[in-house]
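Keeping their order, the protein sequence lines are chains A and B.
Numbers 1 to 233, taken from full-length UniProt numbering, label the letters of the first sequence in order.
Numbers 1 to 233, taken from full-length UniProt numbering, label the letters of the second sequence in order.
The list makes no distinction among identical chains, and a pair is therefore deemed to hold if it is satisfied within one copy or across any two copies.
In the SDA-like style, the derived pairs of lysine to any residue whose C-alpha atoms are separated by at most 20 Å in a straight line are:
no., residue 1, residue 2
1, Lys105, His156
2, Lys206, Phe141
3, Lys211, Phe141
4, Lys41, His175
5, Lys41, Gly192
These are computed hints drawn from the structure, not numbers from a lab.
Number of protein chains: 2
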Amino acid sequence: MLFRQLFDAETSSYTYLLADEATREAALIDPVLEQVERDLKLLTELGLKLVLVLETHVHADHITSAAVLRERTGATVVASARGAPCVDRKVGHGDVVRVGGLEVKVLETPGHTDDSLSFLCEGRLFTGDALLIRATGRTDFQNGDAGQLYDSITRHLFSLPDDTVVYPGHDYAGHALSTIGEERNHNPRLAGKTRDAFIAFMKDRKLPPPKKLDVAVPANRACGRVAEPRAHS
Amino acid sequence: MLFRQLFDAETSSYTYLLADEATREAALIDPVLEQVERDLKLLTELGLKLVLVLETHVHADHITSAAVLRERTGATVVASARGAPCVDRKVGHGDVVRVGGLEVKVLETPGHTDDSLSFLCEGRLFTGDALLIRATGRTDFQNGDAGQLYDSITRHLFSLPDDTVVYPGHDYAGHALSTIGEERNHNPRLAGKTRDAFIAFMKDRKLPPPKKLDVAVPANRACGRVAEPRAHS
Chain A
1 MLFRQLFDAE
11 TSSYTYLLAD
21 EATREAALID
31 PVLEQVERDL
41 KLLTELGLKL
51 VLVLETHVHA
61 DHITSAAVLR
71 ERTGATVVAS
81 ARGAPCVDRK
91 VGHGDVVRVG
101 GLEVKVLETP
111 GHTDDSLSFL
121 CEGRLFTGDA
131 LLIRATGRTD
141 FQNGDAGQLY
151 DSITRHLFSL
161 PDDTVVYPGH
171 DYAGHALSTI
181 GEERNHNPRL
191 AGKTRDAFIA
201 FMKDRKLPPP
211 KKLDVAVPAN
221 RACGRVAEPR
231 AHS
Chain B
1 MLFRQLFDAE
11 TSSYTYLLAD
21 EATREAALID
31 PVLEQVERDL
41 KLLTELGLKL
51 VLVLETHVHA
61 DHITSAAVLR
71 ERTGATVVAS
81 ARGAPCVDRK
91 VGHGDVVRVG
101 GLEVKVLETP
111 GHTDDSLSFL
121 CEGRLFTGDA
131 LLIRATGRTD
141 FQNGDAGQLY
151 DSITRHLFSL
161 PDDTVVYPGH
171 DYAGHALSTI
181 GEERNHNPRL
191 AGKTRDAFIA
201 FMKDRKLPPP
211 KKLDVAVPAN
221 RACGRVAEPR
231 AHS
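So here's chain A without its partners, still in its complex pose (with noise of 0.2 Å):
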């Protein structure tokens, strides 16, 4: 499996690329706009050829390249069916994507947003915005719910090998991965927090919206097409 990790600096995104090294196929999980140049110029130099997009969910602080991706490689959008109306193929818990010889399972892990996956390929997890390293996705908008993050994140995540490699959406602290076992034993959110004090927690933290909420959550809806100005005439 060849496996990359890609960041873009201004919203502290992870982008992850998987491809199967033998039919030379790739996802990208979480790809972001601004960075589509880099990305497919990394995709062409690795000879790879990109099938999958995969959206771990709605984003409200960066918009997609997932539409055009599509466009410009003919590759299929995954993402919930809870979720954008733009995306190929709506998959749910315990359904399976191939990516060449790769199987990536799916795994709904919703709080953050109610249309928020995981994905578990060969002992990694890309958590999106449910569980990051040492914290959580916020819960606060997109029909975030915090109860339903920690069940999200207790029971689906937490109960895979100590050893499961979490690649996170965003890390703010420049941490690029943990594992299962140090999230279980030292995340201060939820190590030996109860659901009442997890939602107590969520609900007591104060947060300006982000910034490009607004703008992202509708584009990403349309997997990143920025609606063209409307003509007034």
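Put chain B on the given structure of chain A with help from the hints.
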């Protein structure tokens, strides 16, 4: 081998953590002063004992946490004999440094600075600011020399196996890693370029000096121990 890549967003600097999973002994490569608490916390959470701090060179763009780490953990600071006087153990081409059962091989790769080292450990190559991803370090200060950098990269690094993973000291485009094969084929400054063409390219670049040059170089020659202001009496 336990391995982590860490990032300092302000200076786009990478720090690397290597550890022997059996003995729990660890090394940090190029740690950044502003991130010292993050790094010490991670070592504690992972149950690791820091025994070595490895510096690829005297940095001009950030201050190392080597002296602070040495004081707080007892770690030995390792770097080139041509660089900072504060170093505990001075190494040169072909030396091997041990971290528990791990062997780290030292390669002298001058040209960005005259003291630049690369470190090779179990197929991972830490190149500091000699070879960057699709780029190289600059060569216009600290006794930099473009011809020497070309020789360092093409003779000592490009002679390594194609699948050697390249972990640079910085990246400004959101790439986390590359490989020797990729850089030999796709690095625009080196692929198919002669030594003279590389020297001409580097000479033509007109870059402002690094913002922290005047502060960082003297501080890093003292392993990041910033001098206290002297009393005027």
